[in-house]
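Number of protein chains: 2
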Amino acid sequence: MIPFKLTEELITDIENFIETKNNSALLSLLEDIHYADIAEIINELNEDEATYIIKLLESDKTSDILTELDDDVRESILGNLSAKEIAEELDELDTDDAADIVGELPKEMVQRVISEIEDREHAKDIVDLLRFDENSAGGLMAKELVKVNENWNVLTCVKEMRVQAENVTRVHSIYVVDDEGKLKGRLSLKDLLTTSTKTHIKDVYIAKVDYVNVNEKPEEVARIMSKYDLEAIPVIDEIGRLVGRITIDDIVDVIREEAEKDYQMAAGISQDVEADDSIWELTKARWPWLLIGMMGGLGAASIISGFQEALTKFPVLLIFIPLMQATAGNVGVQSSAIVVQGLANDTIKGAIWGRLGKELLLGLVNGLALAFVFLIISHFGFKTTYLESIAVGIALVTVVVNAAVIGTFIPIFLNKRGIDPAIATGPFITTSNDVLGILIYFSIAKVILGF
Amino acid sequence: MIPFKLTEELITDIENFIETKNNSALLSLLEDIHYADIAEIINELNEDEATYIIKLLESDKTSDILTELDDDVRESILGNLSAKEIAEELDELDTDDAADIVGELPKEMVQRVISEIEDREHAKDIVDLLRFDENSAGGLMAKELVKVNENWNVLTCVKEMRVQAENVTRVHSIYVVDDEGKLKGRLSLKDLLTTSTKTHIKDVYIAKVDYVNVNEKPEEVARIMSKYDLEAIPVIDEIGRLVGRITIDDIVDVIREEAEKDYQMAAGISQDVEADDSIWELTKARWPWLLIGMMGGLGAASIISGFQEALTKFPVLLIFIPLMQATAGNVGVQSSAIVVQGLANDTIKGAIWGRLGKELLLGLVNGLALAFVFLIISHFGFKTTYLESIAVGIALVTVVVNAAVIGTFIPIFLNKRGIDPAIATGPFITTSNDVLGILIYFSIAKVILGF
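As they're listed, the protein sequences go chains A and B. For the first sequence, the positions run 1 to 451 when full-length UniProt numbering is used. For the second sequence, the positions run 1 to 451 when full-length UniProt numbering is used.
Mixed in with the good hints, there may be bad ones.
If chains are identical, the list can't say which one is meant, so a pair holds when it fits in one copy or spans any two.
SDA-like cross-link-like pairs, simulated, lysine to any residue; straight-line CA separation at most 20 Å [claimed, not checked]: (1) K208 x T169; (2) K227 x D94; (3) K61 x Y386; (4) K190 x E160; (5) K227 x D253; (6) K21 x G299; (7) K147 x S443; (8) K190 x L56; (9) K284 x L364; (10) K284 x K358; (11) K55 x N43; (12) K5 x S226; (13) K383 x L311.
Worth flagging that the hints you see were computed from the coordinates, not collected in a lab. This one's a predicted model, so the numbers in the text were calculated from it and none came from an experiment.
Given only the sequences and the hints, what does the whole structure look like? Please build it.
What follows is the structure in structure tokens.
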């Protein structure tokens, strides 16, 4: 397919059409563009232009566009729409997307928008979904699904299914519930079609069905669905009643967002920001880590000040400060990244002591190899005495081993405490290893060189 | 659902059953366990035990297990199976999974395994898929799909579809091709069922269909499918013929792997490793970055040696080396991470100069704020003169601005050259900023303090 390309010419054309109120040209231009691409266009327009387009197009298209817009753009457009106009958009959306939008509305608006929704059943479902924590299976699920009662016969079942399926974009599975609404299993379409119409559902359904609890974390839902290759999974409440369904497209978003968050944390960015956000937002996201890094740097400065004798007696030691610091930081980040990823993928098994032992050994191998390279280079490249070189080499091995152990221990510790271990791989580990590295370096040099 | 838990007791039970050849106990234990979970169990067993289980279970279950195993475990099990046994597994698998396994076999084995596959059509499809680069849409796609000729009438179409659908796990879409096999569009099941049986397909099909070219990169396929919320996408060859189909479950794997790779690169790990890999593998993956970091550290050592006067006249400057280095490294990683992510998501628009200008401004804001904090702390905490503090402060601002600009420029530059920009966020940027930071620091201090 010819991929859609957002060009400056296209934006200029659209802005001109809006300015001259040339609606027919605008409609025919946008007609063949996918809603996800129109959302990209609107993200580039100003508030008035964006609102103009949303008001111009039909709500079956604009509702989908709204779900794809950047949060701040959507917020400002919704601010220009009446409660009735917003309700019309919500009527077109699946309950999960509708609830996400309602969740972003100002409190005083929510009540009014909900009361304007035409389909009262739909409105009730949206209100139900608002109760759930955004960061849970309940916050991800939609109410749209196809379910049949185990006490129905096949004929009733087929009739009811036809009605229900009208509201469901992709059926995926037919779920079976009992009189209390509890999930009992699922139904194979094939069995349904090859069974006598008088057979009861309870005699043909498959009792084995994967499901998740409404309070389950999105990452766990993502893990289950991708491990078992599921395209949809039913969600049950605390007493086992079928309350919703999560589909794979929502999970793709969870996986993407989770990966982005971990990546940003590893890079020392504390909020979800994008390259095109404002300077203020970007500064807020970066500032905490920069400050922690700075405190680390000042901490290291204090430590070095404490070894005054070294500054005068063995000035050559000072030139290797960056080496110690960089190595400690790198090893710490490497070790922690592997552990964090292992924890996220659930591939870390066995006892914590075994893991630490392995990292210790790994650090020793890497540290000895690095020290070996250092000894050769320092012999030819720097005017260090043998004793000085040996002191630096031993410090290097110790720093590496220490950084590896700390890099492993901190994420495991955070994870046990219920804190997202991804936070550990950022400048947090780098900084603490920087400072510890300097301390270890000078302490070992002091013992060996005796200042 | 009660999540499957891999316990040591379970492994011990299974090992005991294997040792005592208690097949019935083993079969009844494994019967209710999902193939993805059995794969996890087998990953923990030794080669003989693993092979025993694969030979014991039926090939409709073991074929799925094989696709989920760790690469090295699968390789050693396949080494213990005959060509005929492997062919039986392949007969059960979809063509894409089968081709992946054949691609891992030793060359001398491929021919023999292929010739043992019972379903010759299936064997031909697998051979077709082997031609494609693993890192392309062709390498991801399966041959299983439902397609109808535009010249058929609805009756023929329904008959043919029934036959084809037997080999396809999930139908998703019905594709329409012409006599030459070129993709023309898709068919809605609803239209098919509500149209007279004599109508020709060419009169009812929908010409608008998303597709990708067989040479498209997996990341681009993932981007398209997740942007347009597609659960399956057809693949065409160079002259437009429908040759395969990619489903969302394969794309979930691509997204996960891509995210993991970027994360590991950012953490300075150059190969795809897991926490449970051998010490040797882990060392290989980490070593290149450690060596680069070390070279950076030694480079910094040379620079400091070059400023000998500073060591004697202004010893206090030396204690702030870690501060400069840590700040430069952190800012560089932050800037590059945002750009790398923006490039990956295709959210970076506009000219490179605008982007650099923004980072420059951002660096200036952050740098000035950090320098302000530094001046306060150094005044109370360290015995620096006013001039020394000002020199360090100005150096700090310059180092931050420089790191921000470099962190932005390098990924954009690499991307333009067709190199994966993710490589830039690792110790590569940290290291070059470390070294540059020290150089800038001493140069500015030299100008201001005049040594």
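Q. If you check each hint against the structure, which ones fail?
A. 3, 6, 7 and 8
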